[in-house]
Amino acid sequence: MSKSSNNSVILKFLLHLHPPRIPASSAKFSYTFGLGGLAVFSFLLTTITGIILLFQYSPTPESAHVSMEQITTVIPYGWYIRNLHFWSAQVLVIAAVLHMLRIVLTGGYLKGRSFNFQIGLILLVLLFITDFTGFPLRWDAESHWALVVGTNLIKTIPVIGAGLYQFIVGSTEITGTTLLRFYGWHIFGLPFIATILIVYHIYRIRKDGGISRKKGDSVPATITKEQLVKKEVLLMLTALAGVILLSVFWTPHLGLSVDTSPPLAEVQAPWIFLGIQFLLRYLPPVIAGIVIPMAILLFWAAIPYLDKQDDLQGIWSPEPRKRFWLTFVLTLAFICSTMLAEVVV
Amino acid sequence: MKLQSTNTTYLLTAILLLIASFLVYQKESNTEWKQYQSEYYSQANLSDSADIKIISMTPTLTGEPELCLTCHIGIEQISEPHPVESFGCITCHGGNGMTLDKERAHASLIGGRNPSGLSTVRQSCGTSPTGVACHTGFTGDESWRNMIDRVEQSLQATEAGAIAQVRYTFGISQSLHPEYGTRAVQDDSVLNPDFPHELGDIFEKIEQDSLSGNIHPMEEKFVKNCLASGCHLNSDGIDKEYYHRSAGCASCHVLSDNDGLYKGADVTIDAAEPGHGKVHEMTVSIPYSQCNHCHNRGIYSLKQMKFIERDDLDPHKMQFMSAQERRDKDYYIPMAQYASCEVTLDCIDCHTHNEIMGDGDIYPEKKAAVEVQCATCHGTIESPPEFAVIKSLEQEDVFIADINEHLSPQVGDTVAVTKRGTLFPSVKKVDGRWQQTSKVDGTLYPIPLAHGSTCTQKLEEQDSPSCHQCHDVSDKSDLIGMK
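As you go down the protein sequences, you meet chains A and H in turn.
Read in order, the letters of the first sequence correspond to residues 1 to 345 in our numbering.
Read in order, the letters of the second sequence correspond to residues 346 to 828 in our numbering.
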């Protein structure tokens with residue numbers, strides 16, 4: 001690898017990000033499916049397209065929807081940037097959830113990695129909130145009413161609900177300032193915190209001895225940094241092609257502005273919250289919207305403390321049973337309720 | 346081997362990226378508005394100088410930019426008094442002018458493709474972005490400008506006389522005084538105390554009768570066969586050769602071709618779909634052919650309680666006739682009598698705006714609404730036509746006449762007057778002779794007067810059937826073919 005002297009600064013930097021020793025078993029695609037990398041790439045793509053959209057989007061109640069129309073139908077390639085932003089964000093959510101599942105099912109949180117697991121969990125929650133704050137920026141009738149429903153949930157939290165609602169919404173009801181607040185959180189507050197945590201999350205993997213692997217692999221076969229980067233770039237390019245194709249064939253919905261829309265028969269939340277929306281039909285808001293999501297979150301956070309069988313790290317295994325079944329049932333419940341919400345609507 | 350397979354994967358990924366990027370370029374190059382513009386330029390034989398670009402226009406009345414013309418690039422200006430630079434599209438049509446997405450742009454249109462239908466006309470022709478009243482909302486001496494109110498209460502919209510007549514004939518009502526119209530209307534300032542103050546909605550009435558099980562079969566049949574099938578301004582025309590027209594104001598003011606097809610330059614309008622105006626233009630020069638999209642198309646049979654279409658109009662035979670022959674044939678149903686002037690002039694040359702659009706009162710029947718007589722223009726055997734001198738261009742009848750491009754009324758003109766005092770600026774005395782200007786094409790016609798002629802018509806018999814006893818050019822041979 002004498003070519004390295006000719007490599008650009010960027011490549012050098014990229015290589016520097018990687019650990020010196022890379023066990024072949026950890027870097028195998030069938031072990032990680034590249035999900036963490038995919039999440040990082042889609043985060044970058046979402047950020048870049050988001051920055052481009054900043055120059056066209058206007059976060060005031062009078063002009064927000066008009067600027068969305070301009071981006072989607074008037075500005076050359078505006079639809080493309082918006083679609084890329086939307087689809088890379090969806091890929092990010094899916095990649096992050098699957099990455100989390102992979103970590104749980106291969107015991108990636110074991111052997112002192114539980115702290116980084118909690119960081120990942122916080123990142124997942126941040127991601128969901130960022131997704132939710134991006135939705136009302138469309139400022140169309142659907143997203144407006146979803147915002148009303150979503151934020152009203154906060155009010156149901158005992159004791160702090162009313163205060164928290166006012167802090168988040170910026171008033172006692174949804175107003176123009178709500179849009180500005182959500183915009184602020186969406187383009188700066190949340191991504192800023194997320195960027196710091198992502199950097200720390202990746203640094204911590206290296207600090208914890210690289211990607212988790214099987215016990216007994218103490219002197220494993222390794223691959224070079226260049227080999228790994230090559231794999232990563234390939235994954236990135238494939239993902240990019242996929243997101244572009246999604247953007248060409250499916251344009252995310254944009255409804256009518258609140259003042260020109262006829263009354264809506266049904267308001268639909270962003271798809272990742274459809275499960276909660278479904279539960280809301282049958283359970284009290286505080287149970288469906290707060291208690292159940294918090295319980296699921298707490299369960300995920302508790303996994304490293306429930307399972308301490310370090311020797312099972314690095315193996316795709318249904319053992320120990322509780323880990324597998326609980327994850328399986330919870331994930332299935334989430335998928336089912338989301339799908340039911342889609343079907344029943 | 347391993348390296349080779351990685352390189353192949355890289356190559357495939359690169360190809361995939363190229364394809365995906367090409368598809369992005371394709372999608373951007375073929376957006377709907379770009380397709381419409383290329384089609385427009387190619388139809389106008391301007392492909393070489395085609396300048397495909399977004400067309401944004403800010404009408405002076407709204408001050409808000411509109412992108413509508415980006416797709417509707419070839420559309421005709423609706424009329425000179427409504428210049429597109431001032432009105433734009435949204436003032437009348439509603440909709441969202443800041444998007445190029447067809448569905449969202451059109452989602453909040455007022456009344457779909459026709460904003461002048463009587464159920465939506467107040468939102469379109471009745472309002473203006475500056476808050477100034479348009480075609481309604483005038484008070485006092487200017488209340489004649491409330492065209493919307495006048496039309497809503499006119500016989501062409503209410504069909505009050507026909508409804509009252511049928512209800513009386515079948516014993517549903519004991520009097521000929523109208524109680525129902527095709528829509529509920531109310532008149533707070535009735536000029537004639539004998540006229541109705543309000544009318545109920547006949548469709549609603551039938552629905553309630555049906556729910557209560559107390560429905561008169563003939564009334565039901567009448568509403569279903571006659572009123573619901575498009576014979577009043579509250580409905581669209583029938584989707585059939587000759588019958589095409591819009592609803593509301595556009596029924597008369599937007600001319601329809603016999604085939605109901607659009608013949609203008611806006612490529613977004615499907616030129617093969619009947620039910621559009623001939624072009625996107627409103628006019629006050631309304632030829633008889635527009636009136637004939639409803640009138641003179643057949644007769645109503647009380648016995649069968651349905652409309653019986655005339656069957657003497659064979660389009661194949663008629664295409665070999667001269668324009669006048671075709672007009673003689675087309676103008677009136679075969680059993681009608683008519684004088685030569687009636688098939689030479691157009692309907693609006695004789696019938697006043699009060700008769701056609703109403704004068705604000707709810708008229709009980711057609712006869713009560715008619716104010717024009719043969720004597721209005723021709724005088725009687727004892728005297729020339731009644732006349733008046735135009736004092737101001739702001740006078741109701743003069744103002745309305747002035748809108749017509751073929752008329753140019755002037756203060757001081759001596760013009761004919763109907764028995765109710767409506768001025769006839771198209772019929773005036775010039776150098777001691779009476780002449781009429783066609784409102785449709787501006788042709789000048791000298792008016793023969795009864796006074797000093799061989800006419801022997803009694804003074805008290807001035808209705809048209811009396812005059813038609815002598816003055817009748819209708820072809821009676823047609824009656825033989827009439828069922």
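The set of hints was computed from the structure by calculation and includes no laboratory data.
Keep in mind that this is a model prediction, so the values were computed, not measured.
Some clues are possibly wrong.
[What the hints assert, rightly or not] Calculated pairs, DMTMM-like style, for lysine to aspartate or glutamate (alpha carbon to alpha carbon, straight line, at most 25 Å):
{"no.": "1", "chain 1": "H", "residue 1": "Lys447", "chain 2": "A", "residue 2": "Glu62"}
{"no.": "2", "chain 1": "A", "residue 1": "Lys28", "chain 2": "A", "residue 2": "Glu266"}
{"no.": "3", "chain 1": "H", "residue 1": "Lys447", "chain 2": "A", "residue 2": "Glu266"}
{"no.": "4", "chain 1": "H", "residue 1": "Lys711", "chain 2": "H", "residue 2": "Asp675"}
{"no.": "5", "chain 1": "H", "residue 1": "Lys447", "chain 2": "A", "residue 2": "Asp259"}
Are any of the numbered hints broken by this structure? If so, which, sorted upward?
2
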